Structures are given as structure tokens and as C-alpha cells.
Amino acid sequence: MSLVARALEEAGIPTVVFGTALDIVEHCGVARHVFLDFPLGNPVGRPFDVTMQHEVLELGLGLLESASSARASVEAPFVWGEDTSWKELIFSDERPFLEGEAYDNWMEAKKKYREQKVADSQ
Amino acid sequence: MTHVRYIDKTRDYYLRQGYEKPYLWANFTDVPFTPLSKPLAESTVALVSTSDVAVRSKDNDDGRDKSHEMLAGNVYSIPSDIPLEQLFSRQEHYDQHTTTLDDTNAYFPITRLHELADRGRIGAVAARTHGVYTAYSQRKTSEVDAPEVVRRCVEDGVDVAILTPI
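In order, the protein sequence lines correspond to chains A and B.
Quick note on numbering: my numbering labels position 96 of the first sequence as 114, and the sequence is numbered without any gaps.
Quick note on numbering: my numbering labels position 92 of the second sequence as 93, and the sequence is numbered without any gaps.
Don't read these hints as lab results, they were simulated from the structure.
Keep in mind the model is a prediction, meaning the values are calculated, not measured.
There may be inaccurate statements among the hints.
Said to hold, decoys possible - Taking lysine-lysine and the BS3-like style, the derived pairs with C-alpha atoms no more than 25 Å apart in a straight line are:
1. A:K129 x B:K10
2. A:K129 x B:K67
3. B:K67 x B:K141
4. B:K67 x A:K130
5. B:K39 x A:K128
6. B:K141 x A:K135
7. A:K130 x B:K141
8. A:K130 x B:K39
9. A:K129 x B:K141
10. B:K141 x B:K22
11. B:K22 x B:K10
12. B:K22 x A:K129
13. A:K128 x B:K67
Unchecked claim - If you want the ones that stay clear, here's a sample from chain B, every Cβ over 10 Å from chain A, calculated:
14. V5
15. G19
16. N28
17. E43
18. K67
19. S81
20. Q87
21. A125
22. A136
No residue lacks a Cβ here, since even glycine has one placed at the ideal position from N, Cα and C.
I would like the entire structure built from these sequences, with the hints used as guidance.
If you want it as C-alpha cells, here you go:
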């Protein structure tokens, strides 16, 4: 997604990325970034919390108006909950990221990609 | 508590699973930046996401109506005025143990954008939203898919893009 943000900026379209993976977005580097410290899946706020979603979006609109150079970022002032164990357990052996059908789908997608890569190089 | 170090965590996780070469996340020193050219209240805003949002269909086997999608490579577009209840996500790469993708607006805030336009905070919501499928190839994303998103945004007269990775 950050690569798409770069292309849009290069084409003269300002962007703001709403993300939950701070290190990945910052490693790539984007023009504007609103970080929400929530589990992967809800970068705009808690499900069904309309007020929070608007507050998170407003942080991005604020960045669009205020930022004068790249790597402008702000962290949304929300916590997922008192229990922070999800931060430890994500990508752990105890709690595999993809299981069952989701894992099979991922392997299938990877296989297709490898085949496409071979086809592209021929 | 500090944020999750996903780069370190995924590298260790997949090494333990027997993958030898760690994924190299994109990394740049120079970051392009375009300032806002006009007030947000006069700007057309597009939503771009990797959340795999699709239009629901009762008729197709896979449950999705692809007639709206205008798929090219890994890029597809969905009209921004499709009713929310017809949208759903098939994305599986999220923290399934902790949260859900039941509320489309929590990762694809299309209703929220329409509300912002109604309120006059932004000028308008662009005619199309854009989705990008994960391509596993940064080269392909940069050389094929990202320019396609740009082309579609330019076609729609987009002034600002909001991006939501999952």
C-alpha cells in the first residue's frame, strides 16, 4: 500500500495512509501516516464505533492540511483494550497467523505467483 | 506498551516455519510529497485499500459480483455509491483471533467519507474506490499496479487519496 502512496504522491496527488503496522509503513516511508495501535484489520477504528472512526479520519485530514514535508505522522489516541496479549501472540507458534483454509489459500496464492513469475520471465 | 514489531515478528515466525529467505520489506530514504493544492472542502477524495473489499452476489459461486470491478492486473475499482450492505471483505490476512472485518467502515471507511462530504468537510467522494490485491512482488506493485491506480484516480479527477492497508 505504501508503494501505491509513493506513486500517487509522485503523480501530484496528496495521500494519507491509515495503518496499524507502524514499523512496516515507516520502513517504506510515506508522505503522511496515521497510526492506530489496533490489531491488524481495523486501521480506521473499532468496528461499529462511528465516533472513533471519524476521529481517526479527522487526524488524517488534519495531516493533509498541516504537513509540509514527507514522513508526517500522528498516532491516534486510542487503545484496543486493557488486555494487550494480542501484541505478544500475533505471529507466535501458539497462535498461527493463518490456519486451515486461510493457510491453504495463502499457499495457493503463493504458488500462482511463482508460476506467474516463471511465465513473465519466459 | 509499545507497538508490535511486525517486521521482526514475521521474520522470526517464517524462519521458524522453515522459510530460509526473510521477506525484504520495501525501504526508501527519499519519500515523495505533494502538498494539498486546494482546501479539503473543495477536494475530491478517493479511497484506496488492500482490504479485498468486494460486492456481494447471491448468484455467483464465490459470493461476489465481479461485474462492477473493472479488474486490470491486481487493481480493481468499485463505484463509491454502492450500498454498504452489498460490500464485504474476503481478506484473511488480519488478526483473526482478536478482531473481525464485520464492519466494513473499520478498514474501508466509505460511509464515513460520504458523511464527510455531506458535512462539507471534504468536497466530494470520487466516483470509484480502488482495491489492490497483494502481489507478492514489489516490482510489480511499483511498475504495474501503482501506475494503474494513479491512472484511474487521474481519470476521476481525484485531488486527495486515503489509503487503508490491512
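Now the hints, each set against the structure:
A hinted pair counts as satisfied when its Cα atoms are at most 25 Å apart, and K129 (chain A) with K10 (chain B) qualifies at roughly 23 Å. For the proposed pair K129 (chain A) and K67 (chain B), the alpha carbon gap of about 23 Å is at most 25 Å, so the pair holds. For the hint pairing K67 (chain B) with K141 (chain B), the CA-to-CA distance comes to about 23 Å; that is within 25 Å, so the pair holds. The suggested pairing of K67 (chain B) with K130 (chain A) holds, with an alpha-carbon distance near 20 Å, which does not exceed 25 Å.
Of the supplied pair hints, the one linking K39 (chain B) and K128 (chain A) is violated, its CA atoms being roughly 42 Å apart against a limit of 25 Å. Only pairs whose Cα atoms come within 25 Å are accepted, and K141 (chain B) paired with K135 (chain A) is accepted, the gap being roughly 10 Å. Using a Cα cut-off of 25 Å, the hinted pair K130 (chain A) and K141 (chain B) holds, with the two alpha carbons roughly 14 Å apart. A C-alpha spacing of about 43 Å is found between K130 (chain A) and K39 (chain B), which places the hinted pair above 25 Å, so the restraint is violated.
Between the alpha carbons of K129 (chain A) and K141 (chain B) the distance comes to roughly 16 Å, so the proposed pair stays at or under 25 Å and holds. At roughly 19 Å between alpha-carbon atoms, K141 (chain B) and K22 (chain B) fall within 25 Å of each other, so this suggested pair holds. The straight-line distance between the Cα atoms of K22 (chain B) and K10 (chain B) is roughly 14 Å, inside the 25 Å bound, and the hint therefore holds. Proposed proximity of K22 (chain B) and K129 (chain A) is supported: the alpha carbons are some 16 Å apart, at most 25 Å.
For the given pair, K128 (chain A) sits about 22 Å from K67 (chain B) by alpha-carbon distance, which is consistent with the 25 Å threshold. Under the 10 Å C-beta cut-off, the non-interface status given to V5 (chain B) relative to chain A is violated; the minimum distance is some 5 Å. Distance to chain A confirms G19 (chain B) as a non-interface residue, since its nearest Cβ pair spans about 13 Å, more than 10 Å. The non-interface label for N28 (chain B) is inconsistent with chain A: the shortest C-beta to C-beta separation is roughly 5 Å, within 10 Å.
No Cβ of chain A comes within 10 Å of the Cβ of E43 (chain B); the nearest lies about 12 Å off, and the non-interface call holds. Non-interface call for K67 (chain B) relative to chain A: holds, since the shortest CB-CB distance, roughly 17 Å, exceeds 10 Å. Every CB of chain A lies more than 10 Å from the CB of S81 (chain B), the least distance being 15 Å, so the non-interface label holds. For Q87 (chain B), the requirement that its beta carbon stay farther than 10 Å from each beta carbon of chain A is met, with the minimum near 18 Å.
Every Cβ of chain A is farther than 10 Å from the Cβ of A125 (chain B); the closest lies at roughly 14 Å, confirming the non-interface assignment. Annotated as non-interface, A136 (chain B) brings its C-beta within 10 Å of a C-beta of chain A; the closest such distance is 7 Å.
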